[in-house]
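Asker: Residues per chain, in single letters:
2 protein chains.
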Amino acid sequence: MSLVVAGSVAYDGVETPHGRVERMLGGAATYISLAASYFTQVRIVAVVGDDFAQDDADLLAGRNIDLEGLERVPGKTFFWEGKYTDDMNDRVTLRTDLNVFADFQPKLPESYQNARYLLLGNIQPSLQRTVLDQMKHLRLVGGDTMNFWISDFRGELLKTIKRWDFLLINDHEARLLSGENNLRKAANKILEMGPHTVVIKRGEYGAMLFRHDAYFIVPGYLLENIFDPTGAGDCFAGGFIGYLAEHGFSLEGDHISRGMLSRAVIYGSVMGSFCCERFGVDRFRTLTREEIDARFEEFRKFTSF
Amino acid sequence: MSLVVAGSVAYDGVETPHGRVERMLGGAATYISLAASYFTQVRIVAVVGDDFAQDDADLLAGRNIDLEGLERVPGKTFFWEGKYTDDMNDRVTLRTDLNVFADFQPKLPESYQNARYLLLGNIQPSLQRTVLDQMKHLRLVGGDTMNFWISDFRGELLKTIKRWDFLLINDHEARLLSGENNLRKAANKILEMGPHTVVIKRGEYGAMLFRHDAYFIVPGYLLENIFDPTGAGDCFAGGFIGYLAEHGFSLEGDHISRGMLSRAVIYGSVMGSFCCERFGVDRFRTLTREEIDARFEEFRKFTSF
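Each protein sequence line maps, in turn, to chains E and X.
Counting the first sequence from 1 gives a position; my numbering is that position plus 4.
Counting the second sequence from 1 gives a position; my numbering is that position plus 4.
These aren't lab readings, by the way, just hints derived from the structure by calculation.
Hints may contain errors.
For chains that are exact copies, the list does not tell them apart, and a pair is met inside one copy or across any two.
In silico DSSO-like links for lysine-lysine, alpha-carbon gap of 30 Å or less [as the list claims (entries may be wrong)]: (1) K305 with K166; (2) K163 with K193; (3) K111 with K163; (4) K189 with K87; (5) K193 with K305; (6) K163 with K140.
Input sequences plus hints: build the corresponding full structure.
Answerer: As structure tokens, this is what we get:
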């Protein structure tokens with residue numbers, strides 16, 4: 005069933021210990037959409053400037069991503085530049101030019117409004133709400149956020165996530181949002197804010213899913229070389245909701261859905277791991293569904309006992 | 005089958021964000037033995053001074069640990085004092101008084117020498133070798149080490165672990181020993197140093213087991229409160245080898261042994277998690293095998309998909 009992905013489509017400048025790229029396709033909605041496109045029909049909602057390259061549009065269209073909701077306006081595309089630390093567990097933002105994104109008002113095409121699944125990438129909470137308001141027959145909605153919105157737009161954010169089924173968040177952000185250092189306690193507090201499911205991403209250490217009655221933990225995939233972690237969290241989100249949309253996940257039938265949610269976390273982890281194997285979105289130029297399913301089975305092999 | 009555990013029996017002074025204890029039973033051999041005692045007959049090799057309390061000897065004897073190899077000599081028992089950081093992922097050593105441990109020369113009682121399993125806690129590599137030399141019919145030997153021996157006694161250490169079946173080591177130490185930052189590469193280098201099995205402990209993030217032909221990863225157990233992480237790595241070691249000794253693990257029959265090794269990692273994780281629930285060895289005053297097996301099943305539940 006089809007999935008609407010809203011967020012940023014951007015150009016990134018990235019430096020990691022493995023090299024530097026001055027300008028390449030990036031943005032949360034890009035990574036989420038590419039990852040989810042291996043599982044389901046994706047419809048993207050975002051804005052780009054008139055500098056947006058046809059090659060980049062072609063890459064998305066080549067993955068069968070619907071670009072009707074990708075608005076093109078005069079001006080420059082959102083640009084972000086960052087540099088990773090040596091162990092790649094942290095990064096410094098060197099530059100953020102919102103450009104055309106500053107005035108973005110998401111308008112969903114008619115054909116998007118009946119989609120059953122919605123993933124809200126990390127943008128202003130009020131914009132996330134605007135997108136949600138335009139959806140008519142949602143079966144599942146969730147999204148991501150970041151420290152800036154948690155600290156400086158807390159009221160807006162709480163109003164927004166209250167209506168979500170799931171929140172995807174990293175460990176630092178979970179602590180910031182909940183005020184709890186212990187992640188189990190942090191998750192329990194977030195579950196009281198609205199979402200019935202919280203997924204905490206821990207980078208190289210894996211991910212955890214919490215619901216009121218159950219939890220699931222998976223370790224990270226052990227890559228020999230991490231070229232560029234940019235977008236890994238978004239690819240996790242894309243794999244997670246992509247798998248749920250592919251299987252028509254519904255909140256009815258709790259017993260079935262728990263197993264499905266666990267497998268969705270694994271597919272999220274798989275997509276995040278592939279993302280790190282090349283710079284930017286490059287891994288998605290060659291990645292196949294067969295490789296994805298093979299890594300899913302590898303997860304089963306190295307975690308079962 | 006019986007297990008010989010060699011290492012330190014000590015008194016510890018510990019401060020964590022949850023409180024402070026000026027003097028309590030500690031030492032690697034103590035924690036390893038207590039954890040392993042839930043699985044198999046343990047025989048301890050260590051030295052204590054004439055200040056060693058009868059209550060502490062009684063605690064060990066009460067877990068059916070053989071104390072024939074616990075030498076008592078005039079002087080004071082090894083004393084260690086440390087303080088944990090707020091998130092308890094790191095600690096500072098405030099004091100180390102070797103006391104009677106400075107002249108320790110392990111001598112194994114006759115009854116110990118035919119044991120089939122040997123766990124060498126973190127002591128000088130040359131002493132670890134002295135213990136191994138006295139064992140006559142070993143089926144499995146492994147041990148732990150630390151950054152001090154890796155940095156300052158590297159030659160001695162390499163000569164020692166060359167004869168081990170498995171090395172238990174934390175992630176920082178694995179990087180230091182191998183010179184590789186990536187843990188998969190680090191493990192592969194260590195596997196060339198002698199041991200056919202390397203277990204890398206990652207504290208709250210869990211543990212990984214590597215062999216030439218397979219690997220296994222488990223996330224850490226999510227405690228709501230970590231009172232005192234002292235001894236958690238040693239309890240992991242005790243659970244790991246204790247389970248293997250209980251089931252008569254043998255290196256023949258590789259296919260069977262891999263599953264057993266994975267379950268041993270889980271029992272190690274279970275014992276490490278219980279250790280953190282109280283100060284020092286206190287959790288072992290009440291812990292039952294039923295609680296241990298229940299937590300093992302909980303691991304299965306929150307990791308399977």
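Asker: If a hint holds in the structure, say so; if it does not, say that too.
Answerer: Comparing the hints with the structure gives:
1. Taking the closest pair of Cα atoms, K305 and K166 come within 30 Å of each other only across two copies (29 Å); inside a single copy the shortest separation is 37 Å, beyond that limit.
2. Taking the shortest Cα distances, K163 and K193 sit within 30 Å of each other inside one copy (15 Å), while across copies they are farther apart (51 Å).
3. When the C-alpha separation of K111 and K163 is checked against a cutoff of 30 Å, the pair qualifies only within one copy, where the shortest distance is 21 Å, while the shortest distance between copies is 69 Å.
4. With identical chains, the CA atoms of K189 and K87 are at most 30 Å apart between copies only, with a shortest distance of 24 Å across copies and 32 Å within one.
5. Only between protomers do K193 and K305 lie at most 30 Å apart by alpha-carbon distance; the minimum there is 23 Å, versus 33 Å within a single protomer.
6. For the homomeric pair K163 and K140, the shortest alpha-carbon distance inside one copy (19 Å) is at most 30 Å, but the shortest distance between copies (69 Å) is not.
Of the hints listed earlier, there is not a single one the structure fails to meet.
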